[in-house]
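Kindly produce the complete structure, drawing on both the sequences and the hints.
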Amino acid sequence: MKIVINRKFGGFSLSNISMIHLTKRKGIMVYPYLSRLNFDELPERMTTTFTRYHGETDESLKLLTQLELFRHDPELDTFTLQDRVDLDDYVEKYDPWNWDPNDYRTDKDLIAIVTEDGKAANTRFSKLMIVDIPDGYDYEISEYDGIEQVYVGKDLQIINGEN
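In this note's numbering, the protein residues as written are 399 to 561.
Simulated from the structure, these hints should not be mistaken for laboratory data.
Keep in mind that the hints are not guaranteed to be accurate.
Under the rule of at most 20 Å between Cα atoms (straight-line distance), these lysine to any residue pairs were calculated in the SDA-like manner [to be verified]: (1) Lys400 <-> Ile545; (2) Lys517 <-> Phe407; (3) Lys491 <-> Asp475.
Restraint-style ranges between C-beta atoms, simulated for each label pair [what the hints assert, rightly or not]: (4) Pro472 <-> Tyr535: 43 to 49 Å; (5) Glu439 <-> Thr513: 45 to 51 Å; (6) Asp536 <-> Gly409: 22 to 28 Å; (7) Val483 <-> Thr504: 39 to 45 Å; (8) Val483 <-> Phe407: 33 to 39 Å; (9) Gly408 <-> Asp487: 29 to 35 Å; (10) Gly534 <-> Gly453: 37 to 43 Å; (11) Arg450 <-> Glu490: 17 to 23 Å; (12) Asn436 <-> Asp543: 26 to 32 Å; (13) Thr447 <-> Asp486: 17 to 23 Å.
Bear in mind that the values here come from a model prediction, so they are computed numbers and not experimental data.
Built from N, CA and C at the ideal position, the CB exists for glycine as well.
Set out below in structure tokens:
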């Protein structure tokens, strides 16, 4: 059995382009937007700005920007929502697609995307690797500041993707 782990400080995450590749592979139509939280002194005045994603590289994005994948097209290049007021309307209107790869480490589509995209599947905070676990063995993922190890079988051998 194959499993995807992270071998870099920071945490398990897929690059924006790999997330889009994953939705295509799963046959899910999404409309990608970059979201940026706009801080204000008063929490009730915080807003989020969404800008249509056109394939910008992860390195060019700011730390506080993240990819949002909508199932319904907002049909706008940019729009802003007030966080506390517009949240329910936002979810109902655009139906964001959320998929946490942490819950699907053995997902065949995730493994295929990490294989196909190679280094492009990583973010500046991740270095994804596919490791083989013998069939029929149990496994447990241990993590320290984002770097993961996999413990397998009765002896809890460490498989870290390095030869």
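Hints, one by one, checked against the model:
1. Lys400 <-> Ile545: The hint holds at about 18 Å.
2. Lys517 <-> Phe407: With a Cα-Cα distance of about 16 Å, the restraint between lysine 517 and phenylalanine 407 holds, given a limit of 20 Å.
3. Lys491 <-> Asp475: 16 Å, holds
4. Pro472 <-> Tyr535: 43 to 49 Å: The hint (43 to 49 Å, Cβ to Cβ) holds, given that proline 472 and tyrosine 535 are roughly 45 Å apart.
5. Glu439 <-> Thr513: 45 to 51 Å: At 47 Å between Cβs, range holds.
6. Asp536 <-> Gly409: 22 to 28 Å: Holds - the Cβ-Cβ distance for aspartate 536 and glycine 409, about 24 Å, lies within 22 to 28 Å.
7. Val483 <-> Thr504: 39 to 45 Å: Between valine 483 and threonine 504, where Cβ atoms are some 40 Å apart, the hint holds.
8. Val483 <-> Phe407: 33 to 39 Å: 37 Å, holds
9. Gly408 <-> Asp487: 29 to 35 Å: 33 Å, holds
10. Gly534 <-> Gly453: 37 to 43 Å: Once the Cβ atoms are compared, 42 Å apart, the range 37 to 43 Å for glycine 453 and glycine 534 holds.
11. Arg450 <-> Glu490: 17 to 23 Å: 20 Å, holds
12. Asn436 <-> Asp543: 26 to 32 Å: Since asparagine 436 and aspartate 543 have Cβ atoms about 29 Å apart, the given range 26 to 32 Å holds.
13. Thr447 <-> Asp486: 17 to 23 Å: 19 Å, holds
Checked against the numbered hints listed earlier, the structure breaks none of them; every hint is satisfied.
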